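Visitor: One letter stands for each residue in the lines below.
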Amino acid sequence: MVAVQVDGVSKRFRRQTVQPSTTLKSAVVDFLRGRKVAETPSTFQALKEVTFAVPGGQSLGIIGRNGSGKSTLLKLLAGIYRPDHGKIVVHGKVGALLELGAGFHPEFSGRENILINGIVLGLSKREVRQQLEDIIRFAELESFIDEPVKTYSVGMYMRLGFSVAVHANPDVLLIDEVLAVGDEGFVQKCFDRLAAFRRRGKTIILVSHDLGTVSRWCDAVVWLEDGRVQEHGMPQRVIDLYRRHIADQEAEAAVGEHLRIAEEVNQAREVETSNRWGSREVEIVSVKMLHTSGQERYVYQSGEPVRIVIHYRVHRPVADTVFGIALMRGDGLWCYGTNTAVEDIALPPLGEEGTVEVLLEHLDFVAGTYYLDVAVHAMDGYPYDYHHGLYSFTVKSDLQEVGVCRIPHSWAIKPMIAVP
Amino acid sequence: MRTTFQELIRYRALIQTLVLRDLKARYRGSTLGLLWTLLNPLLHMGIYALVFSVYIRIEMEQYPAFLLCGILPWMWFSSALFMGTTAIIESGSLLKKVVFPPQVLPTVTVIATFINFLLGLPLLFGILLLFGVTFGWALLALPLIIVAQFALTFGLTLIVSAVSVRYRDVPPILGHVLSFWFFLTPIIYPASSVPERFRALLSLNPVTPFFVAYQEALLYNRLVSWEAFGAMICLGVVALLVGVLVFERLRWSLAEEV
Chain U
1 MVAVQVDGVS
11 KRFRRQTVQP
21 STTLKSAVVD
31 FLRGRKVAET
41 PSTFQALKEV
51 TFAVPGGQSL
61 GIIGRNGSGK
71 STLLKLLAGI
81 YRPDHGKIVV
91 HGKVGALLEL
101 GAGFHPEFSG
111 RENILINGIV
121 LGLSKREVRQ
131 QLEDIIRFAE
141 LESFIDEPVK
151 TYSVGMYMRL
161 GFSVAVHANP
171 DVLLIDEVLA
181 VGDEGFVQKC
191 FDRLAAFRRR
201 GKTIILVSHD
211 LGTVSRWCDA
221 VVWLEDGRVQ
231 EHGMPQRVID
241 LYRRHIADQE
251 AEAAVGEHLR
261 IAEEVNQARE
271 VETSNRWGSR
281 EVEIVSVKML
291 HTSGQERYVY
301 QSGEPVRIVI
311 HYRVHRPVAD
321 TVFGIALMRG
331 DGLWCYGTNT
341 AVEDIALPPL
351 GEEGTVEVLL
361 EHLDFVAGTY
371 YLDVAVHAMD
381 GYPYDYHHGL
391 YSFTVKSDLQ
401 EVGVCRIPHS
411 WAIKPMIAVP
Chain X
1 MRTTFQELIR
11 YRALIQTLVL
21 RDLKARYRGS
31 TLGLLWTLLN
41 PLLHMGIYAL
51 VFSVYIRIEM
61 EQYPAFLLCG
71 ILPWMWFSSA
81 LFMGTTAIIE
91 SGSLLKKVVF
101 PPQVLPTVTV
111 IATFINFLLG
121 LPLLFGILLL
131 FGVTFGWALL
141 ALPLIIVAQF
151 ALTFGLTLIV
161 SAVSVRYRDV
171 PPILGHVLSF
181 WFFLTPIIYP
191 ASSVPERFRA
201 LLSLNPVTPF
211 FVAYQEALLY
221 NRLVSWEAFG
231 AMICLGVVAL
241 LVGVLVFERL
251 RWSLAEEV
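Heads up: the protein sequence lines correspond to chains U and X, in order.
When the letters of the first sequence are read in order and numbered with my numbering, they come out as residues 1 to 420.
When the letters of the second sequence are read in order and numbered with my numbering, they come out as residues 1 to 258.
These are calculated hints, taken from the structure and not from any lab test.
Computed from a predicted structure; not experimentally measured.
Take the hints with a grain of salt, since some may be wrong.
[Claimed, not checked] Beta-carbon label-pair distances, calculated as ranges: (1) U:Leu132 <-> X:Ile58: 51 to 59 Å; (2) U:Met234 <-> X:Glu7: 35 to 43 Å; (3) X:Val51 <-> U:Thr22: 34 to 42 Å; (4) X:Arg168 <-> U:Ser153: 28 to 36 Å; (5) U:Met234 <-> X:Arg168: 42 to 50 Å.
[Stated by the list, open to error] If we take Cβ atoms under 10 Å as the criterion, some of the chain U residues that face chain X in the derived model are: (6) Lys75; (7) Val94; (8) Met234; (9) Arg237.
By construction, the Cβ of each residue, glycine as well, lies at the ideal position given by its N, Cα and C atoms.
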């Protein structure tokens with residue numbers, strides 16, 4: 001049996017900021033001047049032709065970036081908004097935990113809000129009274145329940161909202177990201193509740209940025225991109241596609257950012273800045289990081305090879321030249337540095353221009369953001385051109401190692417065989 | 001149209017809770033509490049009586065009692081409308097996050113102000129007795145006037161509560177409108193004292209018959225004409241219908257714009 005059916009649903013919002021007449025006075029003035037109430041106010045399409053179904057008893061995860069329409073979709077399912085086109089059918093009682101607070105009235109006490117919220121969620125007054133103590137206990141708010149909820153912390157808000165919502169016993173529970181703010185103990189309690197919910201054949205729709213939670217919890221996942229369903233299916237498959245998409249976008253953005261910086265560096269060629277200094281007898285014209293495929297990239301998996309290509313130009317011949325690189329962590333920690341002098345690399349005549357390449361065979365950093373320093377200077381350290389902290393790159397890793405760098409290693413575990 | 005009312009019935013427990021909460025908030029916060037609700041119309045009565053019968057020396061029998069007959073229903077009417085403008089805006093957080101029919105909110109305002117009006121009635125009767133007014137059969141018309149005023153107030157409050165969400169300057173504008181409206185309504189002067197030439201102006205004011213009817217029934221034990229009753233009821237019904245229609249038109253934009 002289908003619990004939730006969404007059929008070709010579209011939703012368009014008016015942009016509030018540029019709304020034509022937000023005051024009655026200006027509306028009246030517009031009218032009196034015979035002005036057409038401004039050209040159709042600008043709108044944006046939050047959802048486009050969204051279609052999916054959730055069988056009863058299943059848990060659906062909705063993922064997507066900020067602004068992809070997840071929360072709008074949930075509000076439509078809850079019945080707070082009405083779709084412009086399409087149809088939504090929800091079988092059974094809907095309970096919604098949307099954003100923080102689940103619709104509490106800040107001036108009212110926790111107890112009053114439980115009553116109001118419970119009634120709104122479809123309980124009778126008597127049912128709320130019967131469960132009042134359970135709700136308070138579950139929310140762990142015994143000592144604050146008579147204070148106005150505006151004095152509550154974000155976590156307390158969420159606990160109260162969740163507690164009322166699960167005690168209202170809906171058939172379809174909509175949850176928007178709220179579990180992100182609870183402390184670990186409470187979140188665990190919530191998930192235990194949700195598990196019990198699921199066992200009783202209830203339907204859950206969960207919006208979350210926490211892909212781990214989604215993949216653990218959901219039977220199916222919908223990925224929204226710009227208000228459209230990009231993918232719908234098995235959690236692991238959809239999440240992997242989504243992850244890859246995000247990584248590609250990030251990598252693309254990183255290249256764009258690098259080009260912008262490089263452009264800036266070139267524009268400001270003659271200027272001495274805190275990021276670049278030197279006499280420029282030898283100039284570093286560009287710095288690129290290349291993937292083995294030869295493609296320029298600034299996002300790497302830990303352990304991948306990276307080729308750093310430095311393009312130089314000699315303006316005035318100099319007696320001696322040293323090329324160097326250094327890698328810094330985002331917080332300024334110097335992770336590694338080397339140059340052609342310390343490694344005794346003999347430099348051929350440089351000519352007028354050329355490239356210096358450094359191949360890092362394994363970029364074994366732990367996940368994080370790093371900076372690349374590049375310099376060309378004289379043997380005695382006199383700088384020709386020093387680029388400091390201009391180029392950044394990101395290292396990704398599936399492991400959650402800590403520290404700076406992965407040291408090649410292996411484990412061996414050898415229990416002693418106990419003599420019986 | 002029907003669902004608007006059906007939803008109100010379905011959510012009566014919520015309405016009841018919110019009304020109680022509203023009244024409690026008013027009577028719990030200050031030590032004056034209920035006393036203040038009674039004091040407020042009395043102060044108005046006292047000041048107008050001072051200005052008009054002592055300072056300007058207008059001769060009118062039982063003038064303070066006459067004043068109170070109009071001030072009390074006016075306070076119900078004006079406070080419902082004025083508080084109605086913010087009824088939905090103030091509960092925006094509720095409306096944006098949980099599903100419930102938004103007409104509940106202005107309804108709560110109208111009922112809460114109505115209960116305040118009812119609480120003031122014993123005071124009104126007390127003052128009337130104090131000024132030697134004798135009650136008669138005409139009091140039986142009172143519920144009819146009250147019901148008609150309820151419908152009128154309800155309809156108008158529905159409109160202002162929804163319109164205020166789109167046009168944020170409605171609350172202050174309405175404040176001014178209400179204070180002009182007060183003086184154009186026969187509350188501090190009897191309709192009969194208005195010169196013939198201006199009677200038309202007075203009858204253009206839709207709430208005039210209500211106040212005349214209150215004064216006639218309470219002070220003079222007289223009923224207004226059947227036409228006047230008819231007008232009040234028609235007005236109440238029309239205001240309610242228009243109010244519900246306007247509200248239904250705006251209803252779905254409320255959660256998005258509040």
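Visitor: Each of the hints needs a verdict: does it hold here or not?
Guide: Against the structure, the hints:
Hint check: U:Leu132 to X:Ile58, Cβ distance near 58 Å, so the stated range 51 to 59 Å holds. In this structure the supplied range 35 to 43 Å holds for U:Met234 paired with X:Glu7, their Cβ-Cβ distance being about 40 Å. The supplied range of 34 to 42 Å is met by X:Val51 and U:Thr22, whose beta-carbon atoms lie about 40 Å from each other. Range check, X:Arg168 to U:Ser153: about 31 Å between beta-carbon atoms, so the 28 to 36 Å window is met.
Taking 42 to 50 Å as the suggested C-beta distance range, the pair U:Met234 and X:Arg168 conforms, at roughly 48 Å. Interface hint status for U:Lys75: upheld, as the beta-carbon distance to the closest one in chain X is roughly 8 Å, under 10 Å. With a least beta-carbon distance of about 7 Å to chain X, the hint placing U:Val94 at the interface is held under the 10 Å criterion. Violation of the interface hint for U:Met234 is found here, the shortest Cβ-Cβ separation to chain X being roughly 31 Å, above the 10 Å cut-off.
With its C-beta approaching chain X no nearer than about 32 Å, U:Arg237 sits outside the 10 Å limit, and its interface hint is violated.
Violation of the numbered hints given earlier is confined to hints 8 and 9; the remaining hints are satisfied by the structure.
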